[in-house]
Amino acid sequence: MSYVNTIIQGILLGGLYALYASGLSLIFGVMRLVNLAHGDFIVLAAYTILALSSFLLLPPVLAFLLAAPFLFALGWALQRFILNRTVQSNLLVPLLVTFGLQIIVQNGLLEAFSADSVRIQLGPIETASFTVGGISLGVMPAITFVAALVVIGGLNLLFYRTALGRRLRATSDSPVFAQIVGINPRTVFAIAMGISFVVIAVAGFFMGARANFDPSVGPARLLFAFEAVVIGGLGSLWGTLAGGIILGVAQELGATISPQYQVLTGHLVFLILILIRPNGLFSKQ
Amino acid sequence: MSDTQLDTSAAKKAFHAEDRGYSVSVGTPTFRIAMVVFALLVVGLIVAPGFVGRSGIRDLMQIMLLIGLAQCWNLLAGYGGLISVGQQAFVGLGAYFMFYCIIYVGMDPLIAVIAATVGGAIISVPIGLLTFRMQGAYFAVMTWVVAEVFRILASIYPGLGGGTGTGLPRAATSEMFGIEATATLFDMRSSSAREVVIYWAMLAAMLIVVFGSYWMLRSRRGLALMAIKDDEVAAESVGVDITRSKFIVYIFAGAGAALFGALYHLQKGGIDPNSAFSVIDWTAYVIFIVVIGGLGTVMGPIVGAIVFVLLQNYLSDFGPWYLMILGGLAIVMMLFAPQGLWGIFTERTGIELFPTRRRLSHTDGKDRQ
Numbered sequence: 001m002s003y004v005n006t007i008i009q010g011i012l013l014g015g016l017y018a019l020y021a022s023g024l025s026l027i028f029g030v031m032r033l034v035n036l037a038h039g040d041f042i043v044l045a046a047y048t049i050l051a052l053s054s055f056l057l058l059p060p061v062l063a064f065l066l067a068a069p070f071l072f073a074l075g076w077a078l079q080r081f082i083l084n085r086t087v088q089s090n091l092l093v094p095l096l097v098t099f100g101l102q103i104i105v106q107n108g109l110l111e112a113f114s115a116d117s118v119r120i121q122l123g124p125i126e127t128a129s130f131t132v133g134g135i136s137l138g139v140m141p142a143i144t145f146v147a148a149l150v151v152i153g154g155l156n157l158l159f160y161r162t163a164l165g166r167r168l169r170a171t172s173d174s175p176v177f178a179q180i181v182g183i184n185p186r187t188v189f190a191i192a193m194g195i196s197f198v199v200i201a202v203a204g205f206f207m208g209a210r211a212n213f214d215p216s217v218g219p220a221r222l223l224f225a226f227e228a229v230v231i232g233g234l235g236s237l238w239g240t241l242a243g244g245i246i247l248g249v250a251q252e253l254g255a256t257i258s259p260q261y262q263v264l265t266g267h268l269v270f271l272i273l274i275l276i277r278p279n280g281l282f283s284k285q
Numbered sequence: 001m002s003d004t005q006l007d008t009s010a011a012k013k014a015f016h017a018e019d020r021g022y023s024v025s026v027g028t029p030t031f032r033i034a035m036v037v038f039a040l041l042v043v044g045l046i047v048a049p050g051f052v053g054r055s056g057i058r059d060l061m062q063i064m065l066l067i068g069l070a071q072c073w074n075l076l077a078g079y080g081g082l083i084s085v086g087q088q089a090f091v092g093l094g095a096y097f098m099f100y101c102i103i104y105v106g107m108d109p110l111i112a113v114i115a116a117t118v119g120g121a122i123i124s125v126p127i128g129l130l131t132f133r134m135q136g137a138y139f140a141v142m143t144w145v146v147a148e149v150f151r152i153l154a155s156i157y158p159g160l161g162g163g164t165g166t167g168l169p170r171a172a173t174s175e176m177f178g179i180e181a182t183a184t185l186f187d188m189r190s191s192s193a194r195e196v197v198i199y200w201a202m203l204a205a206m207l208i209v210v211f212g213s214y215w216m217l218r219s220r221r222g223l224a225l226m227a228i229k230d231d232e233v234a235a236e237s238v239g240v241d242i243t244r245s246k247f248i249v250y251i252f253a254g255a256g257a258a259l260f261g262a263l264y265h266l267q268k269g270g271i272d273p274n275s276a277f278s279v280i281d282w283t284a285y286v287i288f289i290v291v292i293g294g295l296g297t298v299m300g301p302i303v304g305a306i307v308f309v310l311l312q313n314y315l316s317d318f319g320p321w322y323l324m325i326l327g328g329l330a331i332v333m334m335l336f337a338p339q340g341l342w343g344i345f346t347e348r349t350g351i352e353l354f355p356t357r358r359r360l361s362h363t364d365g366k367d368r369q
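Chains P and D supply the protein sequences, listed in that same order. Under the numbering used here, the residue at position 155 of the first sequence is numbered 155, and the numbers go up by one with no gaps. Under the numbering used here, the residue at position 163 of the second sequence is numbered 163, and the numbers go up by one with no gaps.
Note that these hints are calculated values from the structure, not bench results. Everything numeric in this text was worked out from a predicted model, so none of it was measured. Each statement offered as a hint is correct.
Each pair of labels, with its calculated beta carbon distance range:
#1 D:114 <-> P:257: 32 to 38 Å
#2 D:317 <-> P:119: 27 to 33 Å
#3 D:114 <-> P:260: 28 to 34 Å
#4 D:122 <-> P:113: 41 to 47 Å
#5 P:119 <-> D:157: 28 to 34 Å
Here are some chain D residues the structure puts well away from chain P; computed CB gaps all over 12 Å:
#6 24
#7 31
#8 175
#9 187
#10 347
#11 351
C-beta atoms are modelled at their ideal positions from N, C-alpha and C, and glycine is treated no differently.
Please construct the entire structure, taking both the sequences and the accompanying hints into account.
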């Protein structure tokens with residue numbers, strides 16, 4: 001029974017990883033960009049929510065609702081003014097620019113908020129739990145998982161049921177042809193990055209509510225997100241959820257050996273899966 | 001390896017023998033002058049411990065360390081097209097190999113440094129087989145994942161102190177090869193002599209990496225690498241074995257990072273997983289150095305390392321601001337001057353100190369030889 005319990009906790013943790021990953025997956029899908037600062041932006045989002053709720057004395061959920069449009073604007077501006085300059089160039093430029101951004105965000109947060117670890121306080125809901133079939137589930141992990149389902153479902157609806165989604169997919173297929181039919185790829189890229197940052201805001205909220213964080217935890221979030229995307233297969237958002245779940249279960253199983261093995265087991269399962277299926281489990285390619 | 005050199009010179013002779021009125025050369029007159037200057041500089045660096053103080057020696061060691069690491073990364077990204085953000089894996093592994101060889105095998109530290117370099121080259125083969133399954137940006141993040149795996153393994157392994165790390169036993173370093181002779185030569189205490197010996201080793205390591213990579217770039221393999229850098233598909237179509245060329249660069253860079261990781265930690269005398277496998281120290285700084293100095297040139301990393309250490313001396317008091325300025329500077333360089341400081345200098349003046357391009361010059365039908 002304890003293994004069943006561990007696996008279920010892992011699946012719920014996988015929901016959080018899917019939240020980390022879907023923003024990364026989205027922008028890779030649309031503009032083939034791997035944002036090395038993705039994890040640090042998740043941490044930035046968590047700090048933004050925390051700062052808004054403590055300065056304006058708002059409940060964190062309201063602070064999140066305030067932070068989301070701000071982060072959309074930040075993502076939009078980042079793409080519009082910096083990253084759009086890199087889309088024409090080879091691989092090196094976008095990678096190194098986002099690597100530089102990572103250092104800037106990390107140290108900016110360190111300067112603004114110090115290295116002390118903090119947490120988004122949600123009150124009694126943090127420790128609340130309910131029992132299903134003899135297994136006790138935390139309310140927050142369950143909400144996180146549902147949030148991941150909603151985000152991924154919402155992104156799929158956006159992609160396949162809306163005019164904006166058509167433009168995003170057209171630009172993803174070929175920026176040149178998209179231009180022929182009157183789409184400005186740069187505008188689309190900026191919107192895509194804005195949406196990615198809203199997903200980052202959701203991820204930051206649940207990351208900050210789950211555990212303590214400090215400015216240095218971003219790169220690890222990037223690696224988890226990356227692993228979930230690659231395990232699931234590029235270009236598939238539901239695959240990303242599956243990837244997140246596999247990673248979450250692997251980590252929870254590893255943690256039963258010793259806490260030190262939690263992250264290590266996740267990385268090792270990822271590397272083994274790469275050897276077996278380099279294109280991921282649900283790749284569309 | 002000498003047959004590849006013979007190959008190029010044979011090809012050159014064939015070119016001349018046909019008497020087409022053109023000749024192909026790599027060297028430039030400035031290069032030959034520069035080599036004389038470099039030789040003098042190296043002599044100066046060798047005797048520097050005699051007149052530069054202890055802090056001067058430390059600054060020089062830091063510059064040489066960064067030049068070596070930057071040169072390795074430059075070879076990877078600038079010529080092999082391999083953008084790694086996981087070179088800290090090799091720095092840390094080199095350091096841990098060396099500590100293991102000193103503490104458990106009882107090797108002389110300098111022999112252990114060599115063993116760590118060889119170890120770095122060997123371990124880069126399986127790591128490369130794994131990371132090469134991904135390309136481009138995915139390769140980059142893969143290298144980082146692998147580095148994290150080794151960092152965690154090092155913090156779990158109890159033999160070298162686990163997460164808190166360990167120090168070198170005093171006996172091992174004080175009886176190091178060459179200390180006594182150095183202490184007598186400069187009439188100094190053995191702790192200073194130890195630093196001087198490591199300084200010389202660092203100097204030798206830097207020269208090996210800089211001239212080794214330059215030699216590689218001028219060889220047949222270098223021609224293949226430059227073809228890959230320009231256009232992979234075209235290079236493959238004329239018979240360049242892309243994967244093999246990239247793998248050789250990867251092994252070279254892995255061995256180089258292990259070498260400098262070992263030397264740095266020998267000087268430091270202690271080790272711990274978080275600093276030995278630090279992505280900031282061993283990859284971020286190094287990338288910024290190469291980008292600021294100039295990617296894809298041999299001089300770029302050298303210029304970048306010197307600028308970096310100067311900036312650090314002036315700005316490091318600002319703490320996080322220093323890193324933000326550095327990151328911002330790298331982004332601005334990448335967007336607006338991707339050729340770097342040395343690239344700008346070369347464009348303005350036409351001076352290339354380590355030329356790697358083949359030049360075709362007209363000789364009016366007259367054989368020059």
